[in-house]
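Visitor: The chain contents come next:
2 protein chains.
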Amino acid sequence: MNLIKQLIIIDAQSDTPVYIQISNGFIQHIRQGRFKKGLKLPGSRKIATLLQVNRMTVVAALNELDAQGWIETLPRKGTFIKKILPLLTPGKITEETRVFTIADKTGFQYDEKRIIPIELSDFPPTDKLIFNDGFPDVRIAPTEQLIKTMRRLSKLAFQKKYLMYGGAQGTIMLRETLSAFLNETRGLPSSSENILITRGAQMGLYLAASIILKPGDVVIAGSPGYAAANLTFRQLGAKVIHLPVDDKGINIDTLEEICQRQKIKMVYVIPHHHNPTTVTLSSERRIRLLALAAKYKFAIIEDDYDYDFHYSSKPIMPMASLDRNGHVIYIGTFTKTLAPAIRFGFIVAPASFIRSATHLRKSIDTQGDSLMENAIAELYKDGTMARHIKKSVNLYRERRDHLCKLLQTELGKHLSFDIPAGGMSVWTKFHKADLSIVAQRALKNGLIIRNGKDYDTDKVKYNSVRLGFASLNFNEQEKAVRILKTCL
Amino acid sequence: MNLIKQLIIIDAQSDTPVYIQISNGFIQHIRQGRFKKGLKLPGSRKIATLLQVNRMTVVAALNELDAQGWIETLPRKGTFIKKILPLLTPGKITEETRVFTIADKTGFQYDEKRIIPIELSDFPPTDKLIFNDGFPDVRIAPTEQLIKTMRRLSKLAFQKKYLMYGGAQGTIMLRETLSAFLNETRGLPSSSENILITRGAQMGLYLAASIILKPGDVVIAGSPGYAAANLTFRQLGAKVIHLPVDDKGINIDTLEEICQRQKIKMVYVIPHHHNPTTVTLSSERRIRLLALAAKYKFAIIEDDYDYDFHYSSKPIMPMASLDRNGHVIYIGTFTKTLAPAIRFGFIVAPASFIRSATHLRKSIDTQGDSLMENAIAELYKDGTMARHIKKSVNLYRERRDHLCKLLQTELGKHLSFDIPAGGMSVWTKFHKADLSIVAQRALKNGLIIRNGKDYDTDKVKYNSVRLGFASLNFNEQEKAVRILKTCL
Chain L
1 MNLIKQLIII
11 DAQSDTPVYI
21 QISNGFIQHI
31 RQGRFKKGLK
41 LPGSRKIATL
51 LQVNRMTVVA
61 ALNELDAQGW
71 IETLPRKGTF
81 IKKILPLLTP
91 GKITEETRVF
101 TIADKTGFQY
111 DEKRIIPIEL
121 SDFPPTDKLI
131 FNDGFPDVRI
141 APTEQLIKTM
151 RRLSKLAFQK
161 KYLMYGGAQG
171 TIMLRETLSA
181 FLNETRGLPS
191 SSENILITRG
201 AQMGLYLAAS
211 IILKPGDVVI
221 AGSPGYAAAN
231 LTFRQLGAKV
241 IHLPVDDKGI
251 NIDTLEEICQ
261 RQKIKMVYVI
271 PHHHNPTTVT
281 LSSERRIRLL
291 ALAAKYKFAI
301 IEDDYDYDFH
311 YSSKPIMPMA
321 SLDRNGHVIY
331 IGTFTKTLAP
341 AIRFGFIVAP
351 ASFIRSATHL
361 RKSIDTQGDS
371 LMENAIAELY
381 KDGTMARHIK
391 KSVNLYRERR
401 DHLCKLLQTE
411 LGKHLSFDIP
421 AGGMSVWTKF
431 HKADLSIVAQ
441 RALKNGLIIR
451 NGKDYDTDKV
461 KYNSVRLGFA
471 SLNFNEQEKA
481 VRILKTCL
Chain P
1 MNLIKQLIII
11 DAQSDTPVYI
21 QISNGFIQHI
31 RQGRFKKGLK
41 LPGSRKIATL
51 LQVNRMTVVA
61 ALNELDAQGW
71 IETLPRKGTF
81 IKKILPLLTP
91 GKITEETRVF
101 TIADKTGFQY
111 DEKRIIPIEL
121 SDFPPTDKLI
131 FNDGFPDVRI
141 APTEQLIKTM
151 RRLSKLAFQK
161 KYLMYGGAQG
171 TIMLRETLSA
181 FLNETRGLPS
191 SSENILITRG
201 AQMGLYLAAS
211 IILKPGDVVI
221 AGSPGYAAAN
231 LTFRQLGAKV
241 IHLPVDDKGI
251 NIDTLEEICQ
261 RQKIKMVYVI
271 PHHHNPTTVT
281 LSSERRIRLL
291 ALAAKYKFAI
301 IEDDYDYDFH
311 YSSKPIMPMA
321 SLDRNGHVIY
331 IGTFTKTLAP
341 AIRFGFIVAP
351 ASFIRSATHL
361 RKSIDTQGDS
371 LMENAIAELY
381 KDGTMARHIK
391 KSVNLYRERR
401 DHLCKLLQTE
411 LGKHLSFDIP
421 AGGMSVWTKF
431 HKADLSIVAQ
441 RALKNGLIIR
451 NGKDYDTDKV
461 KYNSVRLGFA
471 SLNFNEQEKA
481 VRILKTCL
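Quick note, the sequences are listed as chains L and P, same order. Residues 1 to 488 (the numbering used here) make up the first sequence, in order. Residues 1 to 488 (the numbering used here) make up the second sequence, in order.
Because the hints were derived from the structure by calculation, they are not lab data. A couple of the hints might just be wrong.
[What the hints assert, rightly or not] Computed Cβ-Cβ distance ranges for the label pairs, DEER-style:
hint	chain 1	residue 1	chain 2	residue 2	range
1	L	85	P	324	15 to 25 Å
2	P	78	L	391	40 to 50 Å
3	L	242	P	247	30 to 40 Å
4	P	148	L	391	41 to 51 Å
5	P	119	L	157	19 to 29 Å
6	L	156	P	113	51 to 61 Å
7	L	443	P	262	47 to 57 Å
8	P	352	L	454	19 to 29 Å
9	L	116	P	227	40 to 50 Å
10	L	454	P	457	34 to 44 Å
11	L	214	P	105	18 to 28 Å
12	L	454	P	247	49 to 59 Å
[Said to hold, decoys possible] 20 Å max Cα-Cα, derived EDC-like pairs, lysine to aspartate or glutamate:
hint	chain 1	residue 1	chain 2	residue 2
13	P	161	L	119
14	L	161	P	133
15	L	161	P	257
Virtual Cβ for every residue (Gly too), placed ideally from N, Cα, C.
Just chain L, same shape as in the assembly:
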């Protein structure tokens, strides 16, 4: 077996992994007849000693040779060079010839059905117009200021520690800044211990629901409603009961009837600009909902992700601002202000609940990106965020008005909608045209629009779609409506 030692040369400086060098060496010498067909190879331990490499490396090389069909292992006999060799055009053995890959399926059993599939979107194409679900215009996102601030902070010696572990609840600087901001703008009587910094509203939802719900618990949510939230509740094993939503929000009379019949654990509500219908929960209903929570001892998840983007008048105070009994878990986000892929948000809740949520959060991903948290705090403190929100609100209000006018004048007979008081999309019902066909036609003409089935149930077909206006300028809106018109 000295032959192996003589023939297989390993170049420790090479970029090619050692195990590939070994398998390539074998292949070369098998082809050239130096290793004969049918030759029995020594064990991996022996080869490792001969070549003075780690045994794992030899096993990997043999695995590769086996996968490529050069060797075979016969039970209780050993490993042999195959008598019938694979047909390969002669030439350099490159990495591309490697065939050993990770298995497609796992070799162990797990309950695949416990993980509910979620629609996985790709990043939006840049060569098409898109009526998205109501997302901000990332072209105006204050990323430049954020990154500049990060850079400035990262150079300060005392900020270096924020690159270390610590602060699973979020940095004290961001929590104090946010607490003051929420006190002032939303009347939320919070202190820094009432706040957990999350990754967007979605992590707030996941954490809060994980803590409150046990499998089999009942959650109430509006219908039509926000799919991602419902899916998270179901992922956690909860049962979702749907409440009708009208122009004042979820129906509280129906909720009360349900409470009289059965134990409910949690009510999920989007107080501003309900997804998908964009309605705002009225003051009267907020007050009644709080009273019901106190009476029936359920939790309210108040997902106020869209508070900052109200156009007609001042937004309505959060229920959390009135809740003296600890029923409301308030969720907010910076993603609509900064950008969807810069994922920061927050939960405001009783301090004991925040501690539980922090413990769970640490188990999930340890902590947030602390230096960036401090950079966001800086943007709040120096007024950048307030200015950006104001600028965005003005811009999006104009874009809302422009799109609504376009839809009315150009497509008025095909569809109907209410002008939304806030948010970033118009909930639009198409009368006759089947939206799934319209969407197909539109795509061919360079416009992406959803097929109108997202909120359908067995009983109701909405044939409606959220037409996001915030991320389209006037020109783009006009083009998009023009394309839509040709598809009707």
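Since the structure of chain L is already known, use the hints to place chain P on it.
Guide: Same frame as chain L, now just chain P:
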């Protein structure tokens, strides 16, 4: 009730929230006797109409007045100005006088015990020396390059879409770059569909364990072992069985005995530099562990967070590189290379498993910070990461040698340790001195060191501590050892 309309003046331009203006107005006029003690107030709806504000705002103002003790609500009678008013020194009513705060406890029931408390560390103090658990030196972290790259990318028009929603699995650019890097350096035969970008190794652990484990399932982990992992498994309801760890890693003979007796679902293993003892799992044991996994059909979580930091020889190939049957879920991280609070890591696994993990991840926090993912990919492509790893390894090797020499020469008779082949800490056993007392004394002298109880069980008291050397330069190490010496 025209009095209310006359006396309560709202300044829409003021920074003070409207509800605070209203409550302050009431207090001022109650004090000055314009609103008499015992006066019955109209309902919130009526006041809202009189003041032309939202009813929620009025309810918030009344809440505040109630919390401060100015008004009281009598059941079935109404709300009245109190006959006995709170004693307050006269003066301007400022925001500081607000007493209405969020409740400490929730008003709904949830099973608090389901969330296991985790030690919540704060950021490290900058005025003390710290023997941490083995963390990188963030002073040399390539944050400057990362932030610069982010800034450059954020200005490119086609990169703007990476600020939008999309790519819950991680950007294709980072997954392809990482796949090539792992193929080349670790012999991991992955493609981009085998990779999920996570938030550090911790999220990899949480996702993988969530998918594999059901409550009651059995997990095997080394003892002494990594506390955060064990806690996550217990958080998910699994039962953790501990395997002894010696100088070659976890004991595979014991594992086989357990497998013969009962069904195990998963083995958790740190192949390089086991936490806390820093040993590397030997090739022999890796091969046997893989064979056992195939025989008993369990999953292996291979948490190779420390692969890049091996000093003595080349690191050993991952088991994932040899696994042809889909038993290994491989976890890695960038946090040790970039910085702990820049949270990026990855899972490598069969494509079907990665899809499940991506669905769950989307439910937890939607997606990663995509622009930063692309920036990290750039740092890999332009060689920055490879250079930084090489530089860190050289630096940390020197620091390891320096600390080991110091410990030997200065404290040799008090403690014992093996020189670690990799990682960022020395697992040090103290002979006689009680570490909990040493830690207290050290703190008084400006040195933070753990109390040696972290890994204790009912049966074993280790009186050992991980002395992190990577984040201390020679000078700091010398100071730290000097302080330690005075405490023994």
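Visitor: A separate judgement is required for each hint: does it hold in the structure or not?
Guide: Okay, the hints, checked on the actual structure:
| no. | hint | result |
| --- | --- | --- |
| 1 | L:85 with P:324: 15 to 25 Å | holds (21 Å) |
| 2 | P:78 with L:391: 40 to 50 Å | holds (45 Å) |
| 3 | L:242 with P:247: 30 to 40 Å | violated (59 Å) |
| 4 | P:148 with L:391: 41 to 51 Å | violated (27 Å) |
| 5 | P:119 with L:157: 19 to 29 Å | holds (27 Å) |
| 6 | L:156 with P:113: 51 to 61 Å | violated (42 Å) |
| 7 | L:443 with P:262: 47 to 57 Å | holds (55 Å) |
| 8 | P:352 with L:454: 19 to 29 Å | holds (26 Å) |
| 9 | L:116 with P:227: 40 to 50 Å | violated (31 Å) |
| 10 | L:454 with P:457: 34 to 44 Å | violated (52 Å) |
| 11 | L:214 with P:105: 18 to 28 Å | holds (19 Å) |
| 12 | L:454 with P:247: 49 to 59 Å | holds (58 Å) |
| 13 | P:161 with L:119 | holds (18 Å) |
| 14 | L:161 with P:133 | holds (15 Å) |
| 15 | L:161 with P:257 | violated (46 Å) |
Of the hints listed earlier, those the structure fails to meet are numbers 3, 4, 6, 9, 10 and 15, in rising order.
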